[in-house]
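Asker: Read off the chains here:
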Amino acid sequence: DQQVKQNSPSLSVQEGRISILNCDYTNSMFDYFLWYKKYPAEGPTFLISISSIKDKNEDGRFTVFLNKSAKHLSLHIVPSQPGDSAVYFCAASRQGAQKLVFGQGTRLTINP
Amino acid sequence: DVKVTQSSRYLVKRTGEKVFLECVQDMDHENMFWYRQDPGLGLRLIYFSYDVKMKEKGDIPEGYSVSREKKERFSLILESASTNQTSMYLCASSLVDSWYYGYTFGSGTRLTVV
Numbered sequence: 001d002q003q004v005k006q007n008s009p010s011l012s013v014q015e016g017r018i019s020i021l022n023c024d025y026t027n028s029m030f031d032y033f034l035w036y037k038k039y040p041a042e043g044p045t046f047l048i049s050i051s052s053i054k055d056k057n058e059d060g061r062f063t064v065f066l067n068k069s070a071k072h073l074s075l076h077i078v079p080s081q082p083g084d085s086a087v088y089f090c091a092a093s094r095q096g097a098q099k100l101v102f103g104q105g106t107r108l109t110i111n112p
Numbered sequence: 001d002v003k004v005t006q007s008s009r010y011l012v013k014r015t016g017e018k019v020f021l022e023c024v025q026d027m028d029h030e031n032m033f034w035y036r037q038d039p040g041l042g043l044r045l046i047y048f049s050y051d052v053k054m055k056e057k058g059d060i061p062e063g064y065s066v067s068r069e070k071k072e073r074f075s076l077i078l079e080s081a082s083t084n085q086t087s088m089y090l091c092a093s094s095l096v097d098s099w100y101y102g103y104t105f106g107s108g109t110r111l112t113v114v
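Chains as they are written, first to last, in our numbering: chain A, 1 to 112; chain B, 1 to 114.
So that you can see chain B by itself, here it is in the shape it has in the complex (with noise of 0.2 Å):
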């Protein structure tokens, strides 16, 4: 069964922590992203990665980072959290054709910033 696996389903963290969530695929996906989703606001993406080492900033990449140094590893990182980025974080991954095949979302991970 494929699967896009995120290593936590439940953070709480202090506001100015740096903050890391690792997504990991198996599927041989090249595509990857972050979203996140709040109430009323929808799916909104932070970042992407289309290939190792590369990414695009999404809608919101303000206040966050990520890293892909390997095609099934994508790692979000909040650099010093606030309270406004509590929220849920979906990872996805994708075959190149992402208009045809769609996404593969993880279960999520709910951060609460304190």
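So that you can see chain A by itself, here it is in the shape it has in the complex (with noise of 0.2 Å):
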């Protein structure tokens, strides 16, 4: 049972356009979400978070949408970069868990 779903396994955008990510979630118990972005031959690293008790998050260029009811996010990529391919994972939790549930993840392509 997938509970955090990518269902875009690739995306393809130019450079200086916006890039959205989307990712969906089945488990209404989920009450915190980040994104982790990946280069080939590396780990995942944080890129950004938010909490259920917010609906948006800024950091730079990117952004995190969180509509609750629709058990959507997104992540907003602006302007992007070359350097922003990669493979984005969105993972959820919830408050006292000691685990991470991730997406199956989206690779990202920017074209110059």
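Note that these hints are calculated values from the structure, not bench results.
List of simulated lysine to aspartate or glutamate pairs, EDC-like, C-alpha gap at most 16 Å:
# : chain 1 : residue 1 : chain 2 : residue 2
1 : B       : Lys-53    : B       : Glu-72
2 : A       : Lys-99    : B       : Asp-97
3 : A       : Lys-99    : B       : Glu-30
4 : B       : Lys-3     : A       : Glu-42
5 : A       : Lys-37    : A       : Asp-84
6 : A       : Lys-5     : B       : Asp-38
7 : A       : Lys-99    : B       : Asp-59
8 : A       : Lys-99    : B       : Asp-51
9 : A       : Lys-99    : B       : Glu-56
Need the complex rebuilt from these two chains, each delivered in its own frame; the hints are there to steer you.
Answerer: Now the structure itself:
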């Protein structure tokens, strides 16, 4: 049972445009969400997070939006840069949990 | 700079061999995890440990075991390697409040079983 789903395996975006990566979840108990970025042959690195008490969190070019009623979150990257080409994982957790639940990942390619 | 270090970046092993993957963290984290990453399947949890000598099965523990004799070290053992265990293996560590702080990952070990 996949509790966190990233339905787009890949996404291709022109440099300078907006990249939007989507993530859906099924467990209404999740109340904290994180995005990780992974380059080939490296481990994932933390990018940005959001608590369920918020609907938006910004950090520079990265913004995460949370729609609790739809159980949906999205990561916006503006403007997209070639260095953003990577696999992006969303993850969810609930307060007190020791484990994160990850989605399948979306491979983002930024074209020059 | 805080780190999670995995002993090997690339490994090639033969079917039936016993394989040890080692992971060391220097952040005094309580929790340590082993994941495998496969295309289309994302990150799947094999085992995790929340204290020395303590362990819990994750989603796909079959064919694997783990050892945590010291707080900083968490080993993944493939008892008898099989070709379907060819994968990228990722170790991670976290504070007790994983739900808030998230994980720090190692660079991964690409294991090929032939």
